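*Asks:* One-letter residues, chain by chain:
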Amino acid sequence: RKEVEQDPGPFNVPEGATVAFNCTYSNSASQSFFWYRQDCRKEPKLLMSVYSSGNEDGRFTAQLNRASQYISLLIRDSKLSDSATYLCVVNRGGSEKLVFGKGTKLTVNP
Amino acid sequence: DTAVSQTPKYLVTQMGNDKSIKCEQNLGHDTMYWYKQDSKKFLKIMFSYNNKELIINETVPNRFSPKSPDKAHLNLHINSLELGDSAVYFCASSQGWGGPYEQYFGPGTRLTVT
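Going down the list, the protein sequences come from chains A and B.
Mapping of the first sequence onto the numbering used here: position 45 corresponds to residue 45, and the numbering continues sequentially without gaps.
Mapping of the second sequence onto the numbering used here: position 46 corresponds to residue 46, and the numbering continues sequentially without gaps.
Check before you lean on any hint, since a few could be wrong.
The list that follows gives simulated cross-link-like pairs (lysine-lysine, DSSO-like), each with its CA atoms no further than 27 angstroms apart [claimed, not checked]:
no. : chain 1 : residue 1 : chain 2 : residue 2
1   : A       : 97        : A       : 42
2   : B       : 71        : B       : 40
3   : B       : 19        : B       : 52
4   : A       : 97        : B       : 71
5   : A       : 105       : B       : 9
6   : A       : 105       : B       : 41
Hints were generated in silico from the structure; no laboratory data involved.
This one's a predicted model, so the numbers in the text were calculated from it and none came from an experiment.
Okay, chain B solo, but in the shape it has when bound:
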């Protein structure tokens, strides 16, 4: 069974569209994250939720809105997509918050905006 899964794996869309990426973890973890890895390969945190509460909100355009319906799910909705949003988006989860917990990553969603 996949520990952290994301859908879709690939997403090609045009500028101005709205799209969502879904993430689910079956590890029983309390904390989930969204990361963006751009073409220069830098992996940067965008958001983190702990027990469905938003605890990290980095400097991300407000076109990006995360939503956590329950501890096992963290979705990312992006409005008015721009060319610069093209990247790989990784979801991750960890056992908890406030300690040296390993983060488990999903396979990534490769978003291409044309």
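This is chain A alone, in the form it adopts within the complex:
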């Protein structure tokens, strides 16, 4: 089992749609969780950290389920500018190394 696995995608949605990405991680000792965003041929940038209680930032909501070792990202009211690859990132349990998922590509269409 891979350390971090994400929906393979790609996702193609119309503007205004709600889209959800899922991610699972294999190491129960992992403590830090993030969603990063990477635009085409650009560097990854932090979208949001993921906290145990769940957190929301505008149209973006992240959830963490430690029992199932599952992380999700919900994007409401999708904008054209949301088109990017979304990377699920988890620290390798017992260390501070970050492990990046392969990413899920989202295309929002007009």
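Position chain B relative to chain A; hints supplied.
*Replies:* Quick look at chain B alone, frame taken from chain A:
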């Protein structure tokens, strides 16, 4: 001002050559990293330095040698380049080590080995 900068942005070279990539951050961060993103888009950590000390050294061929002259700089030297070294190399930095710190990435160096 660019927070994390890398040079060069593009690097095309032949097999067997030696090349270096430079990275600088002006964020005052203590920790810096090198990542490799291959053609399958997997982003994998290669090295990390904290306060100029090597703290992560993943299973990377010893042809790759990082060097941190000071906290703001982390360079990557690659000897005897191979076709499989073609990838995008990202430098990153974070405020510290041992916590859920955001990592700030440079724009990447696209290395092509022919």
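*Asks:* Next pair to validate is residue 105 of chain A with residue 41 of chain B; report whether the Cα-Cα distance is within 27 angstroms.
*Replies:* The hint holds at about 11 angstroms.
*Asks:* Quick one, are residue 19 of chain B and residue 52 of chain B close enough, alpha carbons at most 27 angstroms?
*Replies:* holds (21 angstroms)
*Asks:* Taking only the CA atoms, is the gap from residue 71 of chain B to residue 40 of chain B under or equal to 27 angstroms?
*Replies:* Violated, because 31 angstroms separates the two Cα atoms, which is more than 27 angstroms.
*Asks:* With the threshold set at 27 angstroms, check whether the alpha-carbon distance from residue 97 of chain A to residue 42 of chain A stays at or below it.
*Replies:* Given that 27 angstroms is the threshold and the Cα spacing comes to 22 angstroms, the pair holds.
*Asks:* Given the hint that residue 105 of chain A pairs with residue 9 of chain B, test it: the Cα-Cα distance must not exceed 27 angstroms.
*Replies:* holds (24 angstroms)
*Asks:* Is the Cα-Cα distance between residue 97 of chain A and residue 71 of chain B 27 angstroms or less?
*Replies:* The hint holds at about 19 angstroms.
In this structure, the one hint that does not hold is number 2.
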